Every structure is written in C-alpha cells, then in structure tokens.
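Chains as they are written, first to last, in our numbering: chain A, 27 to 344; chain B, 27 to 344; chain C, 27 to 344; chain D, 27 to 344; chain E, 27 to 344; chain F, 27 to 344.
Read the hints as simulated data drawn from the structure, not as lab findings.
Quantities reported herein were computed from a predicted structural model and do not represent experimental measurements.
Heads up, a few of these hints could be off.
One copy or any two copies: either way a pair holds, since identical chains are not told apart in the list.
Said to hold, decoys possible - With a straight-line Cα cutoff of 25 Å, these simulated SDA-like cross-link-like pairs (lysine to any residue) come out:
#1 K343 to V240
#2 K59 to Y238
#3 K337 to L260
#4 K343 to Y238
#5 K76 to T142
#6 K31 to I99
#7 K337 to F161
#8 K243 to E315
#9 K156 to V240
#10 K95 to E49
#11 K203 to D319
#12 K343 to Q151
#13 K106 to Q52
#14 K116 to Q154
#15 K310 to E286
#16 K110 to E315
#17 K46 to P90
#18 K243 to A118
#19 K85 to V100
#20 K144 to Q204
#21 K110 to E257
#22 K51 to V80
#23 K110 to I40
Protein chains: 6
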Amino acid sequence: MSLLKNLAIQDEFIGFYLLKELEIKQTNATPPKDYMDIVLCDASGQLPAKLWDVSPTDKETFFPMDLVKVQGIVQTYRDKPQVKVIRMRKAAAEDGVSLTDFVRTAPIRPIDLVYTIKQAVESIQDTQIKIIVSFCVNKVEEKLLHYPAAKTHHHAYCAGLAYHMVRMLEIADFICKQRPFLNADLLRAGITLHDIAKPEEMIAQLGIVSDYSVQGKLIGHIAMASNWITEAALVSGINLQSERVTALQHLVLSHHNLGEWGSPVQPQTAEAVALHHIDALDAKLQMVEDALDALPETESWTPLIRGLENKPIYRAKW
Amino acid sequence: MSLLKNLAIQDEFIGFYLLKELEIKQTNATPPKDYMDIVLCDASGQLPAKLWDVSPTDKETFFPMDLVKVQGIVQTYRDKPQVKVIRMRKAAAEDGVSLTDFVRTAPIRPIDLVYTIKQAVESIQDTQIKIIVSFCVNKVEEKLLHYPAAKTHHHAYCAGLAYHMVRMLEIADFICKQRPFLNADLLRAGITLHDIAKPEEMIAQLGIVSDYSVQGKLIGHIAMASNWITEAALVSGINLQSERVTALQHLVLSHHNLGEWGSPVQPQTAEAVALHHIDALDAKLQMVEDALDALPETESWTPLIRGLENKPIYRAKW
Amino acid sequence: MSLLKNLAIQDEFIGFYLLKELEIKQTNATPPKDYMDIVLCDASGQLPAKLWDVSPTDKETFFPMDLVKVQGIVQTYRDKPQVKVIRMRKAAAEDGVSLTDFVRTAPIRPIDLVYTIKQAVESIQDTQIKIIVSFCVNKVEEKLLHYPAAKTHHHAYCAGLAYHMVRMLEIADFICKQRPFLNADLLRAGITLHDIAKPEEMIAQLGIVSDYSVQGKLIGHIAMASNWITEAALVSGINLQSERVTALQHLVLSHHNLGEWGSPVQPQTAEAVALHHIDALDAKLQMVEDALDALPETESWTPLIRGLENKPIYRAKW
Amino acid sequence: MSLLKNLAIQDEFIGFYLLKELEIKQTNATPPKDYMDIVLCDASGQLPAKLWDVSPTDKETFFPMDLVKVQGIVQTYRDKPQVKVIRMRKAAAEDGVSLTDFVRTAPIRPIDLVYTIKQAVESIQDTQIKIIVSFCVNKVEEKLLHYPAAKTHHHAYCAGLAYHMVRMLEIADFICKQRPFLNADLLRAGITLHDIAKPEEMIAQLGIVSDYSVQGKLIGHIAMASNWITEAALVSGINLQSERVTALQHLVLSHHNLGEWGSPVQPQTAEAVALHHIDALDAKLQMVEDALDALPETESWTPLIRGLENKPIYRAKW
Amino acid sequence: MSLLKNLAIQDEFIGFYLLKELEIKQTNATPPKDYMDIVLCDASGQLPAKLWDVSPTDKETFFPMDLVKVQGIVQTYRDKPQVKVIRMRKAAAEDGVSLTDFVRTAPIRPIDLVYTIKQAVESIQDTQIKIIVSFCVNKVEEKLLHYPAAKTHHHAYCAGLAYHMVRMLEIADFICKQRPFLNADLLRAGITLHDIAKPEEMIAQLGIVSDYSVQGKLIGHIAMASNWITEAALVSGINLQSERVTALQHLVLSHHNLGEWGSPVQPQTAEAVALHHIDALDAKLQMVEDALDALPETESWTPLIRGLENKPIYRAKW
Amino acid sequence: MSLLKNLAIQDEFIGFYLLKELEIKQTNATPPKDYMDIVLCDASGQLPAKLWDVSPTDKETFFPMDLVKVQGIVQTYRDKPQVKVIRMRKAAAEDGVSLTDFVRTAPIRPIDLVYTIKQAVESIQDTQIKIIVSFCVNKVEEKLLHYPAAKTHHHAYCAGLAYHMVRMLEIADFICKQRPFLNADLLRAGITLHDIAKPEEMIAQLGIVSDYSVQGKLIGHIAMASNWITEAALVSGINLQSERVTALQHLVLSHHNLGEWGSPVQPQTAEAVALHHIDALDAKLQMVEDALDALPETESWTPLIRGLENKPIYRAKW
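Modelling step: build the complete structure from the supplied sequences, incorporating the hints.
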C-alpha cells in the first residue's frame, strides 16, 4: 500500500485512506454534473482528490471521516499533485484497517503521555498549586488523549498537545537542574496550564481541527485558562488574592510574550520567562522535525513554514 | 490665594497647597545638608518645589499628603518653573481648608456619578447580565468615589474613572437610539465593566496614583475583570458556558482593540466594536479638554500629549 | 422573486437583476467558445454568474448596468456560490422594474440626506466658514445624491457618502452638547468637508465604484479637499492666511489621524480630534451593521471585515 | 581668535561670538542670584555657556542675536563641554565684525544660489509649468536668501534650502541626460517646488530656526505647497483640472515617499520617483559632509546622526 | 512578426518565440490527456500559453529554452491574456533566428559593459583596493556577460547586473565631482562589489533566473561578497586587519541600509551612505523605465510595482 | 567590608573598591574647582561617587582600574544613590586585595570554562568542522578567559562569554538526546562559533567593555565570524564550496533570527533553528538570574530589563 507522502506525478496506486474532507460540487457542464471534492489522508500526509461522475448511490455511501479503499492516479492541478479517483469503496470489517492508523499521531502512546502529565502534576509540592493544576487537567483529561496543539501551526496531530506538554516538562526538568533558582513547581504548573484550554478553544476529531469554538474565538485559550484558574481556586476554597493564584494566571497570560502574539501582559517572573522560551524552543523544533519527516527523500527543501519566519528548511545531503 | 496654574516665573506668593510628594535629600556640600524635594499641588495643577535648610523639626513635621501654607517664589530650573519655598507651616483646623479642595476632581460630585452608574446597571433588562455587572460594581463601589481612570493618561483625577463611565454611558444611550440593532444591555454592561478592575490594578489616594499593585502588573485590569466575571457567575449560580458570560468577557477582553494595546482578542461583536470606539472618543476628548483647561490663558499650544500621537493641541484665538 | 442574499447552493430561481459587471471570455475548447463572465446584483447583495454558449445576438444585447430577467441555478465554484444562467432576457418597460431598485441605497432618501447636509451648512454661524463649506458642497451637490463613501470599505452603496455625513452630524450635535468647549461650527464644517472630494476621487455610477480618477490616485481626496478650500477662499475673497482657512484645512488633512493612514499632519485642534473619532465610530459601526444585514439568517459569523482588524463579527442567538 | 569647534576642555580663550540663545535664570542660593544661560556660536559650531553674577546692567545690555566679545574657559558639565564666561562686552562698530560672519552659511553666495534657481525656472519649456513655479518662487524669493532646509535635520544653516535646491538641480540635469525618458521640465519643477513652503513652515533668522509657524504645524509644508499650486493656477488662469497642475501637486505631495514620512500619496510618476531619490541622495550626503566638517581633526567618529538611522559616521585615517 | 507586448485579446498571430517555461500536465478528462503549460517570451515581454492535444512526438520535441515558430490566438483566462497554441514547430537553422534575440537584454552590449567595469577597476588608485576588487570581478567575469541584477525586482534581464553597475559608476563619477570629500576609489569599489556575488546567489540562463543556489539561500549575496573580500585579501597577502579590507566589507555589508532589508550593519562611512542611495536611485528609476517600456501604448497605468511601494506608475498623455 | 549592593541611603562605610571609571571635572564656582566623578565597583555591583576638593596630588595618584580603600557616605542624587567620598587611598600590597576579587566573574573558573569549550570542540566527529571551529577558538582563546558576552545586555562580566557558551553546550547535549535528528556536530560548532568574534568586536578589560572596535562597528561580530570561517577553511585547505563551510556560516549568520536583530539571513537548517532558541533561552534566563542576584533582599521588583521587553522581574515572597 502506497504512503501518500511517497506518491509522485503519474503514479497509479491502490490503497486504504481516510476521507479527511469530502464535499459534493457541480461541474460547469449543461446540465451540471456532480463530483466529489476530496482530501485523502494517511499517517504520512494528505493529497487533494477528485471523484468525477458521482452516482446517487455514491452520495449516500461516502462521508467525511470514512475509511475507503481507493484506486487512483496522481495528476498535476495548478502546479500541485491531485489524485484522480478511478474506483473507491468503503473499507469493511474484514479489511482489518482501523481509523487511528490513518491519522498522524504523536510518537508516544496518548495514554502514556497523559500518565506522564499526571505524574508531573503529582510531583508538585505546593498543595494549592497542585490542586489548581489538577482541577484544570481534569477538565480536559479525555481530550488530551487526542487533541492537537494547534490547527496547523505545530504539533498538529493526534495527541499533539499532550506530546508538546511532555517534551516541555522534560526540558524544564533539565533547566531547573541547571538553574536551581527557578521554582520547579511553578514551571511545571505553567507548562501544564499554558495551553490547557486549547481543547475547548478548538473543535477537533482524531487530531484534526475543523473549527474554533465560539468561546475560542471570543475569549481565546489564554484568557479561558486564566478564568479556569479563578474557577479552580473558588471551587477549592483557595483565596483568589493568593500570590499563587496570581503567579499561575501570570504564567498563562504572559506565555505568548508579546501583545501582538496574544499575551495581555509580558513575562515578569523568572518562571514566566522560562516558560515562554521553553515553549518556543519545543514548538519551533517540532515544526522543523515534522516538516523534514514529511519531505520526500529526494528533496532538500521543505515548503515555507509560517512559524519559522515563513522560511523553508534545508536538509543537507552529507 | 494663587492657583498654581497661573503662577509665572519670578512670582512671589502665599497660599495653601497639598504636599503631593515629599522626599528628604542631601546637597553636595561638606558636610551634606538636608533639603526637601517637594511637589506642591492644588485643584488647578502642580509644581515642583524645594525647601532648603531643613531643620530636624521640619523632618518630623511635614509628610506627603499634608496640607500646608507656603510662602514661595517661582524660579527656573532646567527650563521649567520650580518653587523655592521661603516659609512653610502645616494647615490647622482654623484655616478652614479641606484636602479635597486641593486635588483635581471630576466636575460632577462623585456620589452622583456612582448613583448614575448604579441606575444604569439597574436599567439592564437581562437578569444574568445585571447580576454579573452588579457583583463587579459592588466589589469597587467605595473606590469608584475617588479612583482616577489612569495614572496620567486620561481622567487622571479624583473620581475620574466614574466620570469616564458616566460620559460613555451617555454616548452609548445616544448611539443605541441611532442604531437600534445594538444590544443596549450589553453595551451598558461593557461600559460598566471595561475598566472596573482598575481600582485593584492601581494604588491611589484622592485620585493620585502612587503605583500599580502586584496583581495589576502581573495580570492587568483586562484579565482581572474577565476573572471577576467568572467569579460573579460562579457565585451567582450562572452557567459558565452561558453565551452571556462569554459576551461580557469578550467585551472586556477586546476593548483595547489590538494586541499591542493589551487586548488578547479583537472585537468580534457589534457591541464590542461600539465599546472600543466610544471609549476612544471619550478618553481622547477628555485628554484634549484637560490639556486646554491646564493651559495658561496667554498660551496657544499645550504640551505634547502622549495619548494624542504625542502631539500638542492648538487653541485658536478667535 | 428571490433576493440574491437568500439563495443557497442548488437553488433554482427566476427574477430580475442588474448586470453589475459583464465581460465576454473564451473557453479552452477547440475552437474556443465565447461565454459571459457576469456579476449579478440586487439590493440585497451580489453573486458571480456564467452564461455559457453565448450567441452573436447575445453579445449585441447584454451590457454592463443592464437590468435583466434571469433563470438560473446556484452551483459551487471554488468553495463559493456561482450562478449558472439558464435563460436571460433584457427587462422591458412593461416589467415595471427600475434600476434604482436593484442597487443598495442608504436607508434615508438621498434628497433628504442632501437637504439635511445643506441645513447643517446653513446653521454654521461664522460667515467665512459657511462660505467655504458651501462652495465645496456646491461642487459635488449632484454627486452627493448617489456617491458611496468608499469603494468597498464602508457605506459602499448609493448615497452612502451623504448618509455617512448625516449620521456624523447627528453624533457631533450630541457631543457638542456634552462638551461645550468644542466649536460646533468647526466640527460641522469638518464633517461636511472631510470626505467632500471623494466624488472626484472615485468614478461611480449608482453607488458602484468602477475605478479611481487620475486625480484621485495622484493627489487623493484629502489633499484635493485642502486645495478646494484654497480655491473657495480665493474665489470668495477670504484671506488665505486667515486662521479659519488654516483650521478647515487642518481638519481635512488630519482626519485620517496617522501618516500611514494618509494624513500628512496629525490632529492638533480639539475639533480635529473629535472629527477623527466620530468618523471612526460611525464608519466602523456601519461596517458591522452592513455585514450583519448581509448575513443569512441561519449563520452566526460574517466574513472577515478588513476595516475591523480583518476579523468577522459574531451574531448571538439570544 | 579661536573657532568654537576647536576649543578643548580647560582651554581659555578670547574672541567674538554670536549670542545664539540667551535666557536669564536664577540659582538655588538664598536669596537666588541671576545668571545667564547662553548658547555661543560662530561659523564653526556652537557651545553652551554660563555667565554667573549677572548685574542689572548686564540684563539691559545683552540680548539674543547680539555679537559679543567673550573671555572664557571651557569646562565639563554633565560630560559635555560648557563655557564659563569670565568677561563679556558687546561688539562695537570699530571691532569690524559682522553678524553674517558668525553663522554657518552655504558654501556658495546666497544671491548666486537664488540666481541659479531662477535660471532653472527660466529653462522650463512648458509655459503653464513655468508660470506656476515662478509664482511659488516669487512668494519666498527674499527668504530663499537665508532660510535653512530644516531646523536641524540637514542643510540647517543660512541659505541651506537654496543650496539644497541647486545641488539637486545639478544631479537632475545629469540624470535626465542619462535617462532621456524623464521629463526635465517636471523634474526641475518638482525640485524647485518640493520644499518651497518651508520658509513659511518655519520661523528663522540668519538660518537659525526658532520655531514652526502655526500654519507649519497644522498644515505642513507639503500640503501648503500643494495649496500654493492651486493658488498659482487660479491667479494665472490655468485650469485646475489641467494634468500639469495634477502632476506638479503629485510631485510635491509624494516627495517624502511614505505616509509615515508625511506624504499623503506615494510617487506614481517617473519624475516623482526620481525627485524622491535625488532628494534623499543630496540630503543624506549633506548630513555626512556637515557632520565630518564639524568633527575635530583628532577624532574619528561623528556624533549619532538621526537622519542616518541614528548612526555615527567614521572617518578613516588613511 | 508580432511582438508579444503588442498582442491583444482575440489576436491571431504567427511568429518565433522562446519556450521560457514548459511543463507537461494532464486534463481532468477520463482518461486524462496531456497538455503543455508554456510561457512564451521574446525581447518585448512574455505570455502564458497552452498546447492542448499533445502527441508523444511533441513530448520528445519541445523543451524549455527552445526557440519555436508558433501559430496561436490570444484568449482570456482568469482576467489575463493567454495564448492558445494552434501549431508549433522547432526553429531551424534556416529560419535565421538566434536565441539572444528573444530575451530581453541591457541596451548596451554585454561585452562593452564588462569592459567599462574593468576600466573602472583599473582606474582605482589604491593598490590594495584594486587587487581585491579585481579578484572578485574575475570570479564572475564570465557570468557578468549575461546575469541579471535580480530575479524580478529590477534589471531582470540579460546582463542586467553589469548594466546596473555601469550606470551606478556613471552617477558616482558625477557625485564625486560634486562632493570632492568622497573617496572615489572606495565608491567605485563599493559599486563594483556590492552585488558581485549575485551570480553565485542565483541560477540563471540568458538572464532568466530559475532558482537561488543553496549558498544563495543560506548565506546570501551580501555575506558571500564579504567572504570573497576575506578570500581575496588572504590570497593576495593583504593584511586582514587592514582598514581597507574593513572599509570594503563595510560597503558591501551595509548597502541594503537596514537590517530588515538584509544588511547586518548600517552605513557608517560617507561612501557607504553614497553607495546605498546611488543604488536606490538607479534601481528604482530602472524599475520605472522597464515598466513604462512594457506598457502598451494605449494604456496609462503600469501594473503595481513591488519595489515602488507596490504602486503603479502613470504615464501622462501630454 | 560592605558590599556595594547592600549599601542604603545614609550609610557610612569603609572598604576596598575598584575605580571602574574616573574623570576629573570642574565645579561652577569662581574660580572653578576640580572634583572627581567616579564609578566604584565590587563583585556585587557598582555605585557612582564624587570626590570633592581634589588636590594636585590626588590627580597624580588615582586612575581608572585602580584598587582603592574608601571611606564614604551614601547620599541621594536625582533619586538615585551616590557615594560622597570622605577619604580615599590606593590599595597597597599589604592590604592583600586583588583586582579580580572586585569584578563580577562567572560562577565557574574561567580556565575550567575554556577547558570545557575545548573538550566540546574535541568531541566534534567531522574533521572539517572540527578544524574550522578550532581555528576560530584559537584566535580568541586568551580573551575567552575574561571577555563578557555583551556590554550590558547579558552575561556582562568577566568570562561571561565562555560561561554562556558552556551553558548552551549543556542544553544542546540535552536537546540532541531528546531529538536525535539534530546533527550534534553542527549544533556544538554553531554554539561555539556564534559569538566567537565578540572579543574582537568589543574592547574590554576584566569583563568591563569600554567601547566597540572599529571593525566591531563597521562589520559586526556576525559577519566577522563568517569571514573567520572563510579564513579558517582557506588556511586549512578546506574547499570554500564545501557544504560544511556553508552550514557553519549559515549558523553564525542566522543566529539572531531576524534582519532587524542583525541577521542577514534567517535560520533555514534544523540546527540553526535550535541554535537561535537555545541562545535566547540561556541569555534571557541569565538576564533574569543576574537581575535577581543584584536585587536587595528587601525589594520585590528588579529595574526594567531592556532585553526582557523592557519589563522588570518580580520575586515572590513565598
């Protein structure tokens, strides 16, 4: 079975794929004819596709997020590859394929990622901080098993958010050893909370974001997380004037560093400075790693990456 | 008694003033001598002053925020006027002067301003919105009687914040009549809440801000007000997922319009757009009015005003 | 008859519409065939359309700005709705339809808007100011009956400019009552003059802008209006050094507030500050109102609006 | 006689200088004593100075723009040199010194500069353009003999504006030969007109700008020159709709290139592009030349120059 | 034979052209059919073209950079003209056409341009500077005969880089006469070196850039030229600490003036300031001249030009 | 002996300090009197100081960078503490104090830092990379023992540069283990080389930068390091076209990430992205740590820190 990432122009292929997007449209013919405008995906990547000559049965058979078996050929459409679907049928039980095999997922099992995060929360020594962080993690624990960290920007795949948190926790452990003046409790809490409201900011399935929620657009995950901390403190009987509450809200509110990047205040504690830069280091390196993973082996330059000053990344041959 | 605003270089004068700031410093002489570095103020403005040859008694007599009777002369120091204090004594009961006469205050009585604000809250028809707004106003009702709207930017005087709110409510009433598609409940609520956390963001006395609070610096009044709305809803049994809660938090969070001006989200409801522009209109015109009020009658140009693109305002002679 | 705004994908319809744009193009077939690339519009909005299989007669029959009766079907083309025209004929006298019914127009009759503007000019007390403002209004009085305030940005419809001026005059009346230190003559004059050269900057018909004039591109409406004030003064025997002339030119030149928004000087009089913020308040709220008007009732979010930080507006359901 | 530029810390000197600025201030002593805060200048540069122990006679003797004979010593005040005046008297007729010897002046005689400018105007072939340019030059001909091109930015000395115009005309002649598609009439006109309103924008004496005029602040020299072109056309019976009038106003309005640099429109004719870049080339090189001229021979780096990205210029030793 | 620049919609034509780009693509038909997506060019400009119904022989016959004889018709595709190729054959020896006639070339013979550059290098008096400049010119002498100065920005044609250098040298000669304080050796060297690494930064043939080199992307022509100067000095035994080496590297490194335009340091010598502004003047005027040359005679406005603030240029009719 | 950091206003003290800066100036008295304007420093910080009534002997005794014994008192001058020196003598051999005890130094011995750096270079596996890195390190090995990483920005103390390199190497080791796709050779080389030219860009003694060198200002450490790599390759017989040379120069040139921060190219390899973010993480956290170290124990807020968005850092009390 051919990985989408490796298909080249003119290749003919047969394989199982996920119908990541599917919309029925009409041609310009008289009378207009229906066709399906499709995005196929597997764990290696995705390709746009067209199914021409759609029958009424087809329209009742195929829906977004279905697994299908496809025979197709890769053509060029406006300088980009596009699959012309020759034959397509729904995957059946006996095909032995499973949805989760066809979406990109973090390289560590989601359940292990969430376990690690909960261990990190457990390791927080300060009781008030631990209570607040636990409260917030509990709100989204289920969603951490599959939510991405962003729609397309970085860690945009199944359990990408949890993976990002775990990697940042590892870096933070190292940095706290290197610089003992940092408060490890606060830094762990900050890492756990900084993007904790993202699962409520975005609407996603299998790591694929279809939209932002109304709350997500009108409030944003940064202020949402701050509100959750208020809620956690109030529900748990922790004084809202406590410096711990302020410190946690400051970590969340300042982690994008600049106003134009969405932070209403700038980092003004040691841990807030550390949080922002550990976040940047991990997110940027993951963008690089993901882009290089998706790069066909014969090529040297990735596409432009918006989060990296809109530059491509070069892979040396030596 | 001479208003500070009208004193010119070389003028000698006697009058009562407030010691807005007072610090004891030392001259370069050997041995160094104490002197007092002072800011005098009255309702018309303020002037720096020096009291040379400070006695030990003086140091135990005069403190910041005291009312004093001063005999002085206006000199030039680095191109700016500065008072040399010749004699000074504390004001006594029999002088019949009162602190509040010596600070700038909004042109409407603070108690009337707060009454008007509470009437506006009462006029909100939607019960949930009214409850949340009331909760937040109650938190700072006492402080609304004297807090300014900002340290120096605009409405920087006693009850300036309440005055700003009342003026905005008037404009909003007019605009809602002109454009009935606007939700008057939301717009009134937005105006009442947008700066409601400022009295906790700043530390002020008699309308004079001495500093920002730790919460003010680390969280900022915008996110603080959002947190208060969460608290109000939780305490009052209003569902945190309610669209009304989201709408109110959106109004508060977006009212500075741009990320670089401190808003983590941009206005995305009709009322949020209205709120931002009514706020701008009132604040900017007040900056102009205050600058022209403080301008000696013989002059045509105010000093540069930071909030007005750092430009001065010209007063025509005709 | 179906309003274009309410047509959904797959709808078939018959109705009268305006050919807002019409161009003859060729298909890729061998030999290439002519087709018409059309924009249909009515008072509710507009849709792109295609007429395939164009006959030589068609080419001599249909021209831009014609009223036509169309039978069509709504299809999807690149994720956007597009009409496939099935039949089309020119509207005839007996159809009883009139051009002006098919373009969007201000909600107040143009003739009443212009009357109101002229009343406002009459109410100016200062003779010199009134003469100059009258001169400039007379230059474009005819065009005020139908010119929009901008090509697409705001008030982009028939008599949109006059409507914008009238609404601003209303706000100004309110603000002048609230803040009597403002010179009402100057503010009325500023509102009347600030966009007065737009009808010469743009080339429009029925509120639809087809292009900018050469003068519009090389000089711009801001400097054009300043030049008109010079012309008005000179023709009327008013001294060019008069502070009134300077004040009026300053109002016009500074009303975009910042250099990057097109103003060569920044507001430096009280009325100039007021003018800019009243202009912003009215223009932004009109963008919101127009976008919500055009929003199908089943939807909650408008398209992105360039003038509102490129954000969409949300319409709550409650 | 010592040139101010060459005086070093600790130097004692006697010479004639101009009192470029003079203000009477008071010391902190009790009673306060008068002293004079002075700026001395000659053709080589300027230095701040103090005259302590001012007598009543002194106050009636010395005024700004007087020529005086000074005995002084150079001291350090806040890391900068400052003259302590030991003795000072007014220059008398028999001293044989003349005001114009003590201000910096363009290296070509002002009368010759103005003659060259008028010759350039004469050489314009198009009658309408020549009439308009002549009209504007006549308005300020007298002032061209001494006005600088800017307060401090560049060509900030006597006849600096005329010198800037003449140099630009020379470059334009060369460029028009190199690129014959350029319209030499328009380019000469643009150079002559681009800063023609500066003498009315600023208030200056002997090339020293004391302030900006009210018109200068509220309208600015760019829009003022555009207005003058309107006036010139109207007075001379030239049609205001003439493309020549538009072209000349475009040259003036666009010559700062960007909105944030004060131009309401950007260059959109060949000559407007040429004008901006010839202006930049000449102004920047003059800043360099003036800064190097003022640099003591023993030093390698000039002070920071605001117009050159706030960088200093290095003078190599070889 | 028809120049591409002069072809209008609907024109049928026969002529020789260069296949500047050629790619084989597939239609959506079942089975998909091959077609050629082509860019035709001649010395006057270029047009996109399509050859439908491609035979296997065609695929082995036509390749990019071939000269061909084409019969075609100009159609409209997405509002832009596109050629439909009716017949096409390869140019043969007997056709008497030559590749270089079909690409845009500088108006002076490349060999003469390079000769002029080498004369300028010869005229440098300082031996060290001359050696370093010669070394760098020798590296790319061959490529100077045909390399453009940029991919599309300016001087984007055969020998465009050498033409840009020669024109700048002419301006520099004039400016050095006007301002003798400039070091003519350094200015000539700076002009010769400032873009000298461009032929290694870009991959071009006949003045047409197909891509940037890996070195070009990772290092950029500015730092590359600095490195070449180091190499030149080392190879020629010139001390790397020599002020001449520093001065030359400074000229190259600073010539884009600002960090955001690619210069790691800003101009800090007189010659560096001159270099930047002469470069800007020549490049911008060439953009104007090239855009006007390419403008059909019936039109007044060029397309938007990215390097000119993204504005179009207007050509007056008089 | 009192640490300068712990001295409060009004404290009298005796101790040994370094004369970090010393300049002789004159008072305004008649005749003017000499005084010494001094900056005292020790390992904990620094304070401005004045010695009034300077004798001729004093002027021949005290020079910058001398160690002295001082009796003084802390006064307030313009809201900042300033020492009035009562008595001062030079430190003598028998005092047993050493210069290096009075300057701030990295918390690890310089010799150990340099040893660690050289070990890291040794561990590079690729021979060409190792040779080039060694060559550059050797150029400045001596200076690495005491040079700071910047004048004031971060690591501004003795051996600060080497300390910064060592810490970054530690982080890089951790990150390379976490993300094995990174090339550890390149990352180590990039860290070692990125600031390697700083000791030639700045002029420093004991970690105290007095100025930038001419090369430093005209070329900058980024391009200098790129030139050194060219030199290293040439001297060592490594092909200048080698991808390794390009990769190393890319790391150095791109490490400031953006043009406005001084990088002529943006990071386009995985290691370049990693280098920039590890550099930022270490530099920013060191700024925080240094500011908190210098903060008196009784205070909660550091001064504003330019490199941290010009914000102060808050130290919680719990």
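Starting from the hint list further up, note which numbers the structure goes against and sort them upward. Hints 2, 3, 5, 7, 14, 16, 18 and 21 are the ones this structure does not satisfy, whereas the remaining hints hold.
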